[in-house]
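Protein chains: 2
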Amino acid sequence: MKMRMDYNNMLSSRVSDGITQQELDKLSASIKKANKAMVDKRAAGKMAWRDLPYNQEGAVKEINDYVNEMKDEIDAFVVLGIGGSALGPMAVQQALNHPWWNELPREKRNGFPKLYVLDNVDPERLVYFFQTVDPTRCLYNVISKSGSTSETMSQFMIIQQMLEEKVGKEAARRKIVCTTDAVSGNLITIAKAEGYKYFIIPSAVGGRFSELTPVGLLPAAFCGIDIKGLLVGAAAMDEACKEEDIYKNPAHMYALLHYIGMTKGKNISVMMPYADSLKFISDWYAQLWAESLGKQFDNDGKTVNVGQTPVKTLGVTDQHSQVQLYAEGPFDKIIVFLGVDEYRETITIPKTYADMPSLGFLGGVTHNKLIKTEQDATEYAITKSGRMNMTLTLPKVTASTLGQLLYFFEVATAYAGELLNIDAFDQPGVEEGKNATYAMFGRPGYEEKKAELDAAPAKDDKYII
Amino acid sequence: MKMRMDYNNMLSSRVSDGITQQELDKLSASIKKANKAMVDKRAAGKMAWRDLPYNQEGAVKEINDYVNEMKDEIDAFVVLGIGGSALGPMAVQQALNHPWWNELPREKRNGFPKLYVLDNVDPERLVYFFQTVDPTRCLYNVISKSGSTSETMSQFMIIQQMLEEKVGKEAARRKIVCTTDAVSGNLITIAKAEGYKYFIIPSAVGGRFSELTPVGLLPAAFCGIDIKGLLVGAAAMDEACKEEDIYKNPAHMYALLHYIGMTKGKNISVMMPYADSLKFISDWYAQLWAESLGKQFDNDGKTVNVGQTPVKTLGVTDQHSQVQLYAEGPFDKIIVFLGVDEYRETITIPKTYADMPSLGFLGGVTHNKLIKTEQDATEYAITKSGRMNMTLTLPKVTASTLGQLLYFFEVATAYAGELLNIDAFDQPGVEEGKNATYAMFGRPGYEEKKAELDAAPAKDDKYII
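Protein sequence lines, in the order shown, are assigned to chains A and B.
Per this note's numbering, the first sequence runs over residues 2 to 466.
Per this note's numbering, the second sequence runs over residues 2 to 466.
These are computed hints drawn from the structure, not numbers from a lab.
Remember, it's a predicted structure, so these values are computed and weren't measured experimentally.
Careful, some of the hints might be misleading.
Identical chains blur together in the list; that is why a pair holds if it fits in one copy or across any two.
Claimed, not checked - Calculated cross-link-like contacts (lysine-lysine; reagent style DSS-like; alpha-carbon spacing at most 30 Å):
1. Lys243 <-> Lys460
2. Lys265 <-> Lys385
3. Lys243 <-> Lys198
4. Lys170 <-> Lys460
5. Lys72 <-> Lys109
6. Lys435 <-> Lys229
7. Lys265 <-> Lys303
8. Lys460 <-> Lys397
9. Lys397 <-> Lys72
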């Protein structure tokens, strides 16, 4: 089963505001350059995430063994992670498992534990969490490559203390598993010193490209997900994405179309899945696309302030929230519909009120047909309104098609980075906020930043209501 | 307790890209005109939602009586609604109740039932839902003003059939409650014919402005929420929003600043709560702002294609996802931080790894302090990067402050509509998609649209990969 991409509605032949064949042709030099960069960087080990479909075999075995060893001991598997360490696990779980997984009795979960992802440091969260589960019956997965992520590490310290108080240091040891860098950072040091089980994030793989490492694979496996299937799907997409001819390479074409869109004022990228199961894919994509492409400087040091803002939405739900704006507002967005051919369940509307015109036509129709028709109708309306849009379709949501989709977006993001001539793999813009946080806490070494903060002009009360 | 708004960082005195005092002053005529329109329209009954804080007393009593009568009979209260009928109830529940409400034992819910909101027609949803609860132990709240919302009404028909099969027509009657228009539409007709309990949405109140009608009040009351408190808060904000002087009127000033932002190319409105409890406020706001202001024509019939795209995000979580883009990407957004002074719980980080520089400074700090500091640091970084931002703060999240906040956004939206000279209360842009759906289903009366669809050019396979 292969994912497909339909970009007819990105083109001027179908939407008033669309891309012309000339515009596409004009970019052949950029395409060649980007193709070469993708190949060269991969060969130079600068795109280590591209090898994940092929080199995680050992990790998969170790993960599956560990799941078998541990799963009956615990009620819940708890991710302590933020950013890619949280968004990937949530997206995969939502896509492949029951939407009310944690509310099902264990046998309906095939014997697998519940899953919680605690990614924020809202103080209410941990307190309420401890009221919800028996916190001593959980396995806590601390995910941080650097081991210095304040949010994750602070949660870890709170939970470690709680566990050691409640069950003792020895038993606590078995309830914590770390996912981190093999060598550098606090977390690997701590894991070794405390004797925690740990899994490795390959050092050249960045957070938002790490879903196919133990970052994503371990939580998925604890929920009974076929993690080999994810990798097999990713490998299939990797093959498709090696195509030189951009008309045969879906990820490169996706990037190119968005790149052209950006040059034409489309600063917004809307992701609109028509399946509840794919809702959190939008969240995962939002990080990938925003953090990779939102950059101040290009590779030549020129100030460019590029980037497209991802918008998370859900069909049909957001037809009743966002489509008014999409159809009538500014010509500032590219809308990506994300559909499925076959849902996992079928339900039929009875012919109860056949005599009421606005209800009668629904009688005997399945929700499968209704949601699909509404997707087609929305695509039609958006296209008629002249707005660029395209559609990605999974034949069915499975581990393999999901692996394809995730990998597709990763390649598309990297390729868009090449077209934009920026570094898609760094995130210098988050340092300022981190440093300000350290300074506010008086962390040694941040005295200069502290002085800068202290010197900032006070707020004017006139502008506070 | 009063919500406050700090817009210092919208101004050129603090951000390179900000608004000057001159720009504000220049708009005094528009402000006067908008003020007058707000007063005139309210007097003419065209802003019926503004009276809700004062005229729902009867509804509140009836709702509370009904909750007392029914709550012990049911395990769960289930909203069948979409758009405003779903987003409001979810936002209020998330704000005021335990985040894992449905997973708590009943006594920890103070005896109140679980809450489910089923707003999509993904066929997997209802099937999976029926696997999660005992569907005969639920009270289903069908919410549709027109009674012709395909999604909601189709869910209703499926559930009505299921109930009648399982418990018989008589018992089923007690498990369905409708919220709809008093006179027009299918749902009131059905409710009366079938003998269902029903609550009324005042006919002049539109869906996205209906949270303070039984649309929002009934689900909230079934979760034990102080619905009178919501209305009291809204009434307090109504007073503040009657101020002629825009420097004293937070909602009008919010609208004005965003309006100026739009004229300066800020086509994106980011809502970033720093509290898990306020996460779904962003979803509710996204509908309100997008659907009200995203319009093709202004009041004079001129093509304007205005509107600002709302982006939902969450602090601190999305510092690890979106802030890179906000700090370094295009100058195309206004970021609204939504904070709280006091969280409902406190949790402290132990001093476990005092000797590790990146962890040591966290020892002894509360998560309350950490999240607040990160909010301040992000505000600092965003401001330093020259991006417009502002902060709304609730002293604490309570029914009353939440009522203030919801009502604040409603007034701000209406006022922004006046400044833009558009109708903030219609949604003509969703008709095309609805009509296409009807035509695709062969609904009588849509033959012409069907012919139009049939005549649309086929997709070119060349552009499908």
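Against the structure, the hints come out as follows:
1. Lys243 <-> Lys460: So lysine 243 and lysine 460 pass the 30 Å test across copies only (26 Å; inside, 54 Å).
2. Lys265 <-> Lys385: Both ways: lysine 265 and lysine 385 sit 19 Å apart in one copy and 28 Å across, limit 30 Å.
3. Lys243 <-> Lys198: Neither way: lysine 243 and lysine 198 sit 37 Å apart in one copy and 61 Å across, limit 30 Å.
4. Lys170 <-> Lys460: Answer is neither; intra-copy 48 Å and inter-copy 64 Å both fail.
5. Lys72 <-> Lys109: Intra 15 Å, inter 28 Å, cutoff 30 Å: intra and inter.
6. Lys435 <-> Lys229: neither (36 Å within a copy, 42 Å between copies)
7. Lys265 <-> Lys303: Intra 20 Å, inter 24 Å, cutoff 30 Å: intra and inter.
8. Lys460 <-> Lys397: For lysine 460 and lysine 397, the Cα distance is within 30 Å only across copies (22 Å; inside one copy 54 Å).
9. Lys397 <-> Lys72: within (28 Å within a copy, 40 Å between copies)
Of the numbered hints stated above, those contradicted by the structure are hints 3, 4 and 6, listed in ascending order.
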